[in-house]
Amino acid sequence: MSNWFDQIIPMVTMGTLETLYMVFLAVFIAYLFGLPLGVILLITSEKHIKPCPPINSILGTIINIGRSFPFIILLIAIIPFTRLVVGTFIGTTASIVPLSVGAIPFVARLVETSLRDIPWGVIEAAQSMGASPWQIIIRVMLPEATPSLVSGFVLTTITLIGYSAMAGVVGGGGLGTLAYQYGFQRYQNDVMVITVVILIILVQIIQVVGDRIVARLSRR
Amino acid sequence: MVKIENLSKTFTTKDGKQIQALEDINMVIAEGEIFGIIGRSGAGKSTLVRCINMLERPTTGRVIIDGRDLTAYSDRQLRRARQQIGMIFQHFNLFSARNVAGNVAFPLEIAGQPRRVIQEKVKRSLALVGLSDKAGHYPAELSGGQKQRVGIARALASEPRLLLCDEPTSALDPQTTASILSLLRDINKSLGLTIIIITHEMQVIKEICDRVAVLNQGRIVEAGSVLDIFTAPRHPVTRELIKSVLDPSIPEQVLAGYNPAGTSLLVRLSFIGQSAGEPVISRMIHEYNVQANILYGKIDHIKDTPFGTLTLELSGQPDALNAAVAFLQGKQLSIEVLERP
Ligand SMILES: Nc1ncnc2c1ncn2[C@@H]1O[C@H](COP(=O)(O)OP(=O)(O)OP(=O)(O)O)[C@@H](O)[C@H]1O
Ligand SMILES: [Mg+2]
Chain A
1 MSNWFDQIIP
11 MVTMGTLETL
21 YMVFLAVFIA
31 YLFGLPLGVI
41 LLITSEKHIK
51 PCPPINSILG
61 TIINIGRSFP
71 FIILLIAIIP
81 FTRLVVGTFI
91 GTTASIVPLS
101 VGAIPFVARL
111 VETSLRDIPW
121 GVIEAAQSMG
131 ASPWQIIIRV
141 MLPEATPSLV
151 SGFVLTTITL
161 IGYSAMAGVV
171 GGGGLGTLAY
181 QYGFQRYQND
191 VMVITVVILI
201 ILVQIIQVVG
211 DRIVARLSRR
Chain B
1 MVKIENLSKT
11 FTTKDGKQIQ
21 ALEDINMVIA
31 EGEIFGIIGR
41 SGAGKSTLVR
51 CINMLERPTT
61 GRVIIDGRDL
71 TAYSDRQLRR
81 ARQQIGMIFQ
91 HFNLFSARNV
101 AGNVAFPLEI
111 AGQPRRVIQE
121 KVKRSLALVG
131 LSDKAGHYPA
141 ELSGGQKQRV
151 GIARALASEP
161 RLLLCDEPTS
171 ALDPQTTASI
181 LSLLRDINKS
191 LGLTIIIITH
201 EMQVIKEICD
211 RVAVLNQGRI
221 VEAGSVLDIF
231 TAPRHPVTRE
241 LIKSVLDPSI
251 PEQVLAGYNP
261 AGTSLLVRLS
271 FIGQSAGEPV
281 ISRMIHEYNV
291 QANILYGKID
301 HIKDTPFGTL
311 TLELSGQPDA
321 LNAAVAFLQG
331 KQLSIEVLER
341 P
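Line by line, the protein sequences are chains A and B. Throughout the first sequence, residue numbering follows UniProt numbering, covering 1 to 220 in sequence. Throughout the second sequence, residue numbering follows UniProt numbering, covering 1 to 341 in sequence.
Note that these hints are calculated values from the structure, not bench results. Note that this is a predicted model, so its numbers are computed, not measured. The beta-carbon is built from N, C-alpha and C at its ideal position, and this holds for glycine as well. Don't take each hint at face value.
[Unchecked claim] Here are the simulated DSS-like pairs of lysine-lysine, each with C-alpha atoms no more than 27 angstroms apart in a straight line:
1) B:Lys-14 x A:Lys-47
2) B:Lys-123 x A:Lys-50
3) B:Lys-303 x B:Lys-189
4) B:Lys-331 x B:Lys-298
5) B:Lys-331 x B:Lys-243
6) B:Lys-17 x A:Lys-47
7) B:Lys-298 x B:Lys-243
8) B:Lys-134 x B:Lys-121
9) B:Lys-123 x B:Lys-134
10) B:Lys-189 x B:Lys-134
11) B:Lys-14 x A:Lys-50
12) B:Lys-243 x B:Lys-303
[Said to hold, decoys possible] One side of the interface only, derived from the structure: several residues of chain A facing chain B at Cβ under 7 angstroms:
13) Pro-51
14) Pro-54
15) Ser-57
16) Ile-58
17) Thr-61
18) Pro-80
19) Met-129
20) Gly-130
21) Ala-131
22) Glu-144
23) Arg-219
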């Protein structure tokens with residue numbers, strides 16, 4: 001029994017840390033690109049603060065294509081690019097590439113939707129006081145949408161935890177790899193169960209903490 | 001202060017239809033006055049104020065503020081100009097993520113004022129609207145009237161000389177409306193601020209405006225001093241709007257007791273300001289040999305001026321009646337011969 005513990009606990013701990021590392025870095029990168037893209041997508045739309053139909057429709061189309069790409073296909077299709085960036089396509093660091101690339105369009109749409117919900121009158125009030133588009137984005141749109149943006153952030157994180165498990169199946173590391181290698185290939189059901197339970201707990205914690213933060217930020 | 005020349009605005013809808021929201025608007029608004037623009041829903045009122053600070057670019061025409069033609073301005077110049085024009089809204093449009101002080105600070109922040117100056121001006125602005133004790137509250141914690149006060153404080157923080165108000169009281173109850181209007185009137189007096197106020201309620205015009213323009217289907221159908229418009233409305237839309245506040249019709253009960261015998265006329269006299277120096281009615285009775293029966297009288301206020309109406313039944317010979325009416329018309333009175341009920 002103690003042997004079982006000695007074997008499983010370090011393995012599962014390692015897997016959890018790898019998953020967290022992958023997911024948080026991927027979410028970070030996804031927002032690094034997705035947030036500005038979401039903002040651009042919104043402000044270039046018709047009658048917004050910087051209308052620009054060509055940019056808007058090109059960006060919109062790219063994002064839609066990105067979003068309709070099944071993740072499992074992206075995972076494989078992107079291998080050459082992953083190799084180029086990371087040097088390999090196996091392991092946790094390599095998984096961050098498909099995870100972030102897959103999440104960017106998702107994040108862009110979420111951000112756009114959050115920002116679009118701000119009452120137009122509020123943006124107009126800022127314009128009437130002489131605010132520039134940049135000032136409106138930084139000082140009005142992002143702060144006004146913060147609770148909704150945080151909700152989106154939580155949703156993205158949870159979605160990526162699921163995706164990371166998928167990446168794990170193709171050698172991406174983390175809890176996914178663990179569940180696949182031990183639980184599926186070697187019929188160690190206990191490992192499979194433990195990883196699933198940990199995933200459930202992770203999702204639960206992130207959701208509950210996220211909801212708390214959103215509630216605290218909400219001023220409407 | 002504000003001069004609008006041949007302004008028109010045409011919207012093109014998605015399906016390519018053209019909507020002419022404003023047509024050839026001309027008006028001049030003097031420094032320090034409270035100018036009202038009234039009209040029914042869809043008349044183009046909001047479009048018109050939004051053209052004044054270029055939130056909406058006019059299709060043709062010019063908007064000149066302090067001698068500067070805003071329609072010729074670039075976006076950057078326009079932003080600078082807007083810092084000198086305050087605006088308040090029907091639905092307040094406060095920033096929900098900023099507290100009261102943060103809202104009022106906004107125009108100063110974007111103008112790049114130093115923090116100390118901002119604090120000072122926010123304090124002053126909040127004191128002006130009587131909300132110093134609410135500085136740390138968030139908009140969601142305020143009543144409608146308080147929100148509009150914050151809106152006013154925010155609009156005034158950068159010390160503009162012109163304040164645009166788009167239906168500032170339409171979302172408020174009558175009592176709160178009265179307090180917001182009296183606040184606007186106070187700041188107009190104490191700061192010498194020019195105010196343009198859009199409304200569909202004649203009550204608002206009557207309470208605080210010096211002059212008014214009546215907008216109907218994108219055109220100004222009538223404009224002038226509020227007293228003139230109220231005492232001698234010419235356009236049917238104006239009459240309709242006035243009716244809601246100064247109902248000139250005679251109450252049912254009075255008419256029920258009105259039983260014309262022989263030749264008689266129903267006339268309504270309107271008088272403005274201090275009562276005329278001479279006893280007009282008793283002179284008329286004496287000199288023209290007519291009887292006057294007072295049916296109904298009412299005194300009201302237009303801004304600070306008392307305004308009264310008196311409905312009389314005049315009876316006598318037809319010639320005498322005509323002469324009496326002519327006599328009344330010669331006096332500084334506005335007289336209207338009413339239809340017989
Ligand atoms: N952005 C727009 N696109 C198309 N048509 C518009 C637009 N804004 C206003 N209009 C049209 O212009 C006309 C005038 O609208 P406006 O909002 O100025 O009226 P209003 O007098 O302020 O009415 P209300 O009292 O209901 O606010 C309306 O027929 C409206 O449908
Ligand atoms: Mg309107």
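So, going through the hints one by one against the coordinates:
1. Our distance criterion of 27 angstroms between C-alpha atoms is met by Lys-14 of chain B and Lys-47 of chain A, whose separation comes to about 12 angstroms.
2. Annotation: proposed proximity of Lys-123 of chain B to Lys-50 of chain A is violated, straight-line Cα distance about 34 angstroms (limit 27 angstroms).
3. A threshold of 27 angstroms between alpha carbons decides the hint, and for Lys-303 of chain B with Lys-189 of chain B the separation of about 13 angstroms falls inside it, so the pair holds.
4. At most 27 angstroms may separate the alpha-carbon atoms for a hinted pair to count; Lys-331 of chain B and Lys-298 of chain B meet this at roughly 20 angstroms.
5. Pair hint Lys-331 of chain B plus Lys-243 of chain B holds up; C-alpha atoms about 25 angstroms apart against a cutoff of 27 angstroms.
6. Proposed proximity of Lys-17 of chain B and Lys-47 of chain A is supported: the alpha carbons are some 17 angstroms apart, at most 27 angstroms.
7. For the hint pairing Lys-298 of chain B with Lys-243 of chain B, the CA-to-CA distance comes to about 14 angstroms; that is within 27 angstroms, so the pair holds.
8. Straight-line distance between C-alpha atoms of Lys-134 of chain B and Lys-121 of chain B comes to about 15 angstroms, which keeps the hinted pair within the 27 angstroms bound.
9. With a C-alpha separation of about 11 angstroms, the suggested pair Lys-123 of chain B and Lys-134 of chain B falls inside the 27 angstroms cut-off, and the hint holds.
10. The hinted pair formed by Lys-189 of chain B and Lys-134 of chain B meets the criterion: a straight-line CA distance of about 25 angstroms does not exceed 27 angstroms.
11. Distance check on the hinted pair: Lys-14 of chain B and Lys-50 of chain A sit about 19 angstroms apart at the alpha-carbon level, within 27 angstroms; holds.
12. Restraint check for Lys-243 of chain B and Lys-303 of chain B: satisfied, since their Cα atoms lie roughly 17 angstroms apart, inside the 27 angstroms limit.
13. The beta carbon of Pro-51 of chain A is not positioned within 7 angstroms of any beta carbon in chain B (closest approach about 13 angstroms), and the interface hint is therefore violated.
14. Interface restraint check: Pro-54 of chain A against chain B, minimum CB-CB distance 18 angstroms, threshold 7 angstroms, status violated.
15. Annotation: interface hint on Ser-57 of chain A violated; nearest CB of chain B at approximately 15 angstroms, more than 7 angstroms.
16. Interface hint status for Ile-58 of chain A: violated, as the beta-carbon distance to the closest one in chain B is roughly 21 angstroms, over 7 angstroms.
17. With a cut of 7 angstroms, the hint placing Thr-61 of chain A at the interface with chain B is violated, because the nearest CB-to-CB distance is about 20 angstroms.
18. The closest approach between the C-beta of Pro-80 of chain A and any C-beta of chain B is roughly 43 angstroms, which is over the 7 angstroms cut-off, so the hint fails.
19. This hint holds: Met-129 of chain A has a C-beta 4 angstroms from the nearest C-beta of chain B, less than the 7 angstroms allowed.
20. About 4 angstroms separates the beta-carbon of Gly-130 of chain A from the nearest beta-carbon of chain B, less than 7 angstroms, and the hint is met.
21. Because the smallest distance between the Cβ of Ala-131 of chain A and any Cβ of chain B comes to about 5 angstroms, under 7 angstroms, the interface hint for this residue holds.
22. The beta carbon of Glu-144 of chain A is positioned within 7 angstroms of a beta carbon in chain B (closest approach about 5 angstroms), and the interface hint is therefore held.
23. Among the interface hints, the one on Arg-219 of chain A holds; its C-beta lies about 5 angstroms from the nearest C-beta in chain B, closer than the 7 angstroms criterion.
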